[in-house]
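Chain by chain, the residues run as shown.
Number of protein chains: 2
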Amino acid sequence: MVVRQECDRLDRRREAILSAARVLFVSKGFEQTTLGDVVERAGGSLATVYKLFDNKEGLLEAVVFDRIVSGEEMIRRIVDEERDPAMALTRIAKELQRTLLDPDEIALVRVVIAHSIRNEMFAERFFSSTARCSRLALQEAFERWAGQGVKLAGEPRDLADLFIGMIVSDMQTQAISHGFDGTPTCDTIAFRLQFFLRGAGLAN
Amino acid sequence: MVVRQECDRLDRRREAILSAARVLFVSKGFEQTTLGDVVERAGGSLATVYKLFDNKEGLLEAVVFDRIVSGEEMIRRIVDEERDPAMALTRIAKELQRTLLDPDEIALVRVVIAHSIRNEMFAERFFSSTARCSRLALQEAFERWAGQGVKLAGEPRDLADLFIGMIVSDMQTQAISHGFDGTPTCDTIAFRLQFFLRGAGLAN
DNA sequence: GCGAAGGTGTAATAGACATTACACAGGTGG
DNA sequence: CCACCTGTGTAATGTCTATTACACCTTCGC
Chain U
1 MVVRQECDRL
11 DRRREAILSA
21 ARVLFVSKGF
31 EQTTLGDVVE
41 RAGGSLATVY
51 KLFDNKEGLL
61 EAVVFDRIVS
71 GEEMIRRIVD
81 EERDPAMALT
91 RIAKELQRTL
101 LDPDEIALVR
111 VVIAHSIRNE
121 MFAERFFSST
131 ARCSRLALQE
141 AFERWAGQGV
151 KLAGEPRDLA
161 DLFIGMIVSD
171 MQTQAISHGF
181 DGTPTCDTIA
191 FRLQFFLRGA
201 GLAN
Chain L
1 MVVRQECDRL
11 DRRREAILSA
21 ARVLFVSKGF
31 EQTTLGDVVE
41 RAGGSLATVY
51 KLFDNKEGLL
61 EAVVFDRIVS
71 GEEMIRRIVD
81 EERDPAMALT
91 RIAKELQRTL
101 LDPDEIALVR
111 VVIAHSIRNE
121 MFAERFFSST
131 ARCSRLALQE
141 AFERWAGQGV
151 KLAGEPRDLA
161 DLFIGMIVSD
171 MQTQAISHGF
181 DGTPTCDTIA
191 FRLQFFLRGA
201 GLAN
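Chains as they are written, first to last, in the UniProt record's numbering: chain U, 1 to 204; chain L, 1 to 204.
Read the hints as simulated data drawn from the structure, not as lab findings.
Accuracy of the hints is not assured; some may be wrong.
One copy or two, either will do: identical chains are not told apart, so a pair holds if it fits within one copy or between any two.
Below are the DSS-like pairs computed for lysine-lysine, each with C-alpha atoms no more than 30 Å apart in a straight line [unchecked claim]:
hint, residue 1, residue 2
1, K94, K151
2, K28, K51
3, K56, K28
Can you make the complete structure from the sequences, with help from the hints?
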């Protein structure tokens, strides 16, 4: 089928362009990256970029939103699997660390923040589909545990905020400091987790 | 004295340009702001901008580093004044909230992050003179309290990180979300503070 | 093979903007 | 009153780049 092959070819081009653009946006910034740079790195040609993404802004949209990762599903899954809140939170903390402290992810967040100065809605959409999702999922988890009779030292909303903040603040420090402050060690994470569990009344 | 007057005049120009540039960088972004915009808003002329700041990058440097606020002095002062760690931390939390959640400050951080994509050293310098300073001052406070016999549930470094993170994560959420997630309430802050004091073994 | 349709490469277009060059003004020491 | 020096305003300059226009070429049904 010609359609099939054509689609595949366009898809491959699309992926190549997205991948090139991502690398360039993340290393040079959106404004500093010219579409010429993108084409040079991805192969293909400018006409294809405009056909697939309309314009430079559209390319950024695609780069940012195409493979967005929300912690939401991960949190729901773990909460379903683990009966013990402390165990669940431990696993969630590890996963959040793994995904949020990924340097590529952090670099992308920098690009989003930079662009959000000009385009607040952009930031709003990004935030809604990432951090807010995770927070809500975690909040539901606390509500669920509370409903099951677990005694919690605080409102689910506050606890969820706090938990995410404790983990995420590192990501954000990295976003600002570009890693000059060192990456948190496993010990640090473990300490914070214990601290949280104690404070929330979940320590065993 | 002519020199005096000339200095004053140049100083006023400098302030006017800095102030205009700050507003524009923060609302439109650095790249999107032209030096023409700055001159139009500040009065004066392009020649003066180049005389005072060399070039556009120099203007950004001045905007960011001229009136930088580190929490360091504030923390040392409060620690000196308050004998009780819990009271000191309460005041520090309030102050950090006040200074770090100031929308102007957050907007400036966005500009710094945006620029840091192209210029890592810029981020490093900013970070070293703000967040890291605060962290170190707080770490010293915990060390001092520990030396005075206060029992702490954790290493000073870890506690300082955690405390700052709990407060600062909001600032960073604001930086990303542009305030769409709402500003934390006093209750929220109080909750986190109590949570921390309990966890650190400082609750009375 | 052949014609069409749509992808691809290249060469304008056109506007924006950092930076520089130059000309003016206004107070100043001689 | 005069050269002058320093700060200011304005008008180039030259480059860079998003976007468009157009011509070529590949692929596939027939």
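We went through each hint and held it up to the structure:
Taking CA atoms no more than 30 Å apart as the test, K94 paired with K151 passes in both settings, with 24 Å inside one copy and 29 Å between copies. In this assembly of identical chains, the alpha carbons of K28 and K51 lie at most 30 Å apart whether taken from the same copy (24 Å) or from different copies (28 Å). Taking the shortest alpha-carbon separations for K56 and K28, both the intra-copy value of 15 Å and the inter-copy value of 18 Å come in at or below 30 Å.
Consistency with the previously given hints is maintained throughout, with no hint failing.
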